[in-house]
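Student: Spelled out from the first residue to the last, the chains are:
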Amino acid sequence: MIGWATTILLILLSLALPVAVVLVVLGVTLAEVYSFFPLLPAAGEILWSSSTEFVLVAVPMFILMGEILLRSGVAREMYEALDVWVNRIPGGLMHTNIAACTLFSATSGSSVATAATIGTVSIPNMRRLGYSPPLYLGSIAAGGTLGILIPPSINMILFGVLAEVSITQLYLAALIPGLMLAGSFSLAVLVLCLLRPDIDGAATPGTWSQRISALRALMPPIGLFVIVVGSIYAGFATPTEAAALGVLAALLIAALRRGLTLSTLSEALDGTMRTTAMVMLIVLAAFFLNFVMVSIGLTGRITDAMRGLDVTPLTVMLIIVAIYLVLGCFMETLSLMIATTPIVAPIVAALGYDLVWFGVLFMILIEAALITPPIGVNLFVVQSVRTGSHAGPIRDVMIGVTPFLFMMLTIIGVLLAFPALALWLPTLVMR
Amino acid sequence: MNWPLIIDTGAKYAARFGGTTILASAVLISVDVLFRNLDTGIRLHSFELTNYAFAAAVAFSFAYAVTQRAHIRIDVLYQLMPVWIRSILDVLALLLLAILSTGMAYFAWKVVAHSARLGARPNSTLDIALALPQGLWALGLTWFALVTLALTVRAAIHLLKGRFATVHVETGVISESADEVLR
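Chains L and S are the protein sequences, given in the same order. All the letters of the first sequence, read from the start, carry residue numbers 21 to 451 under this note's numbering. All the letters of the second sequence, read from the start, carry residue numbers 154 to 336 under this note's numbering.
Bear in mind the hints are in silico, worked out from the structure with no lab data behind them. Just to be clear, a hint being listed does not mean it is correct.
What the hints assert, rightly or not - Derived DEER-like restraints, expressed as beta-carbon distance ranges:
#1 S:Arg-316 to L:Leu-235: 58 to 68 Å
#2 L:Asp-330 to S:Val-322: 47 to 57 Å
#3 S:Leu-271 to L:Pro-58: 13 to 23 Å
#4 L:Leu-347 to S:Val-322: 28 to 38 Å
#5 L:Leu-338 to S:Asp-280: 49 to 59 Å
#6 L:Arg-96 to S:Thr-173: 24 to 34 Å
#7 L:Val-211 to S:Leu-191: 45 to 55 Å
#8 S:Leu-191 to L:Met-450: 23 to 33 Å
#9 L:Ile-31 to S:Pro-235: 14 to 24 Å
#10 L:Ile-339 to S:Leu-285: 45 to 55 Å
Claimed, not checked - A short, non-exhaustive set of chain S residues, derived as facing chain L with CB atoms under 10 Å:
#11 Ala-206
#12 Ser-214
#13 Phe-260
#14 Val-264
Please read all numbers here as calculations on a predicted model, not as lab measurements. Beta carbons are placed, not taken as given, at the ideal position from N, Cα and C, and that holds for glycine.
Assemble the whole structure, with the sequences as input and the hints as a guide.
Tutor: Structural data, given as C-alpha cells:
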C-alpha cells in the first residue's frame, strides 16, 4: 500500500501535472482501492471546512503585507542604515546582506520575497565595490531563506495547520535558532574573508553621527516586528489577527512614505491572490489526501512500521533529514512541504520527538532545499535580479551558497544535540 | 469577440475582488482586536465573516492563478522533453485541472444544497443562513471550473491542429530554471 502510493505519486509528479491535481488523484485512487466505505461524499464538507480555517487566513494577510512593503521602498533605507553599522567587519556588505535579510525576515513570511527585496537593493553595489560575485550572491540567496525561519513565517503557518501544532509556539521556538543561523552565516563570511582577503570588497566606513541618524530608517521594520510578532508573543492577538494588524501597519508606512497609489495597491492585491490561490489549492488537496490516508489506515500503518523498526529514533530522524536534503534538490519547496507534512508529522510524533522542535528543524531543511541545485528557488531569484553589468553564470550563485549550506547542516546538528535551543522559549512563555 | 482577453481580464478582476475582500477583512479583524483588548464589549464577528470572505476570495482567485500559470508543476523531467510531448502534457495538465475544478464546484453546490435544505445556521452569535456564504464560495469555484474548461478547449484545439509551439507558449510551465530566467 505504501509502495503503491509512493509510485503513483512519483509518476504523476514527473509528468509535470499540477501538484494539487496529483495529490487529489492519489487520494481518489487510494479511496477507491482501499476504502470499505465511499469517502468521496465527504469531499464537499472537507473542502468547506478547510476553506474556512481561520489560521489559514494569515497566509494572504502576510503575503499582502509583504507585497505592500515591497512597493513602499522601506527596504532600501533599511539596507543603507544597516550598512553603516556593519561594514567595518571584514566581509563588509556581505554582512549587511545577511543583517538586512534577518531584519526583513522579521517582517516577512517568505524566503523568496526576502531574497528578491534585499537582492534588488544590494546587487548594484557588488561590482562597484569590487566584491567577488559567488560569496556575495550566496549571502543574499542564503540570507533570504531566513524569511521562513524568523517569524512571521507563512511556511510555519502551513506546517502548524497540517501538523496541528500551535503557530505561536512555533514562532517562539524559531526565534533563537533563526538568530543563530543568521549569526553563523556572518561567521562564515568573516572566516572566508580573513582567509581570502581578495574576495572582500572596498569598505566605506561610516561615522558615528551617520550611524545614529541611520537608526531612524530602522524604525519601520522594527515597529512592524513589534506589532506583528510582539502581539503574538504577548498574547494580545492570534497569528491571523497579528497578520491583519501587520497589513494595516504596512499600509500606514507606505502611505506615510507616499508609496501608496491606487494602482500599486491593485498590483499588490492581484499578486497576493495569485500566490494565495496557488498555495491554497495545494493545501486543500493535501487536506483531502490526509483525510483519505487517515481513513484507510495508511497513516497508522506508516507510524506502526516506524515504531516496529529496530533502530533508534535518532537514526530515523537522520534518515528523514537525509531524504529531505535529497528531495530538496529536485522538488519545489512549497509542494514538498505541504505534500509530506501529513506523512512525516505522525512519524516524528511516534518517535517521541516534539513537533514544535521538528517544525523548526523542518524549516531549516526547507531553507536548504531553497538553495540546493539544480532546483533551488532562491538561486533563481538572485540570478534573475542580477541583470545588466552584474549578469553572469548561475554557477556563481550555486558555488556561493555552499558555505551557508554547510552552516545550515551545522545548525541542524546543533538542534539535534540541544533541542532546548528551540524548546526553551516556548516553555518559558507558555508556562 | 476576443475571448482570451475577456477570460484573462475577467479572471484578474475576480482575483482583485478577492484581494479587496482580504483587505477589508484585515481592517475588520484589526478593529475587533482593538475593541476586544480595550474591553469595549463590542464584537464585529470578524472571526466568522473573515472565514467566509476568505473561502470566497480564494475560490474566485483560483482561475486567475490558472491564467497566470501559477499552479505549481514539477518540471524536472518535463524540461528534457521535446516541445510536442511538452504540449501534450500541458493539455493533460489543464484537462485534469478542469476535472478537478468541476469536481470541486459540484461538491461545493452539494454542500450549499444540504445547508439550504436543513436551514443551517453557523454555531455562533452571527445569525445568517450558512447557504449564503457557501453559495458565494460555490459560485467562485464554478468560475474556476468555467475558466479552466475554456482554456482546456482552446489548448486542445491548438494541439489537434498540430500547433505544439502555441500550446507550449500559452499554457506551458513558466520555468524557474536558470536559462529561462536569464532570457
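Student: Could you run down the list of hints and mark each one as holding or not?
Tutor: Now for the hints, and whether the structure bears them out:
Between Arg-316 (chain S) and Leu-235 (chain L) the Cβ separation comes to about 60 Å, which falls inside the hinted range of 58 to 68 Å. A hinted range of 47 to 57 Å holds for the C-beta pair Asp-330 (chain L) and Val-322 (chain S), which are about 55 Å apart. The beta-carbon spacing between Leu-271 (chain S) and Pro-58 (chain L), approximately 21 Å, falls within the hinted interval of 13 to 23 Å. Roughly 30 Å separates the CB atoms of Leu-347 (chain L) and Val-322 (chain S), a value that falls within the hinted 28 to 38 Å.
Checked against the hint of 49 to 59 Å, the pair Leu-338 (chain L) and Asp-280 (chain S) passes, with Cβ atoms roughly 54 Å apart. Take Arg-96 (chain L) and Thr-173 (chain S): their Cβ atoms lie about 28 Å apart, and the range 24 to 34 Å holds. Separation of Val-211 (chain L) from Leu-191 (chain S) is about 51 Å and conforms to the stated range, judged on CB atoms against 45 to 55 Å. Checked against the hint of 23 to 33 Å, the pair Leu-191 (chain S) and Met-450 (chain L) passes, with Cβ atoms roughly 25 Å apart.
Remark: the range hint 14 to 24 Å for Ile-31 (chain L) to Pro-235 (chain S) is upheld by a beta-carbon distance near 20 Å. At about 50 Å, the beta-carbon gap between Ile-339 (chain L) and Leu-285 (chain S) stays in the expected band of 45 to 55 Å. Annotation: Ala-206 (chain S) was flagged as interfacial toward chain L, and the flag holds, the nearest CB pair being 8 Å apart, inside 10 Å. A cut of 10 Å between beta carbons decides the hint on Ser-214 (chain S): the least distance to chain L is about 4 Å, and the hint holds.
With a cut of 10 Å, the hint placing Phe-260 (chain S) at the interface with chain L holds, because the nearest CB-to-CB distance is about 4 Å. The beta carbon of Val-264 (chain S) comes within 4 Å of a beta carbon in chain L, closer than 10 Å, and the hint placing it at the interface holds.
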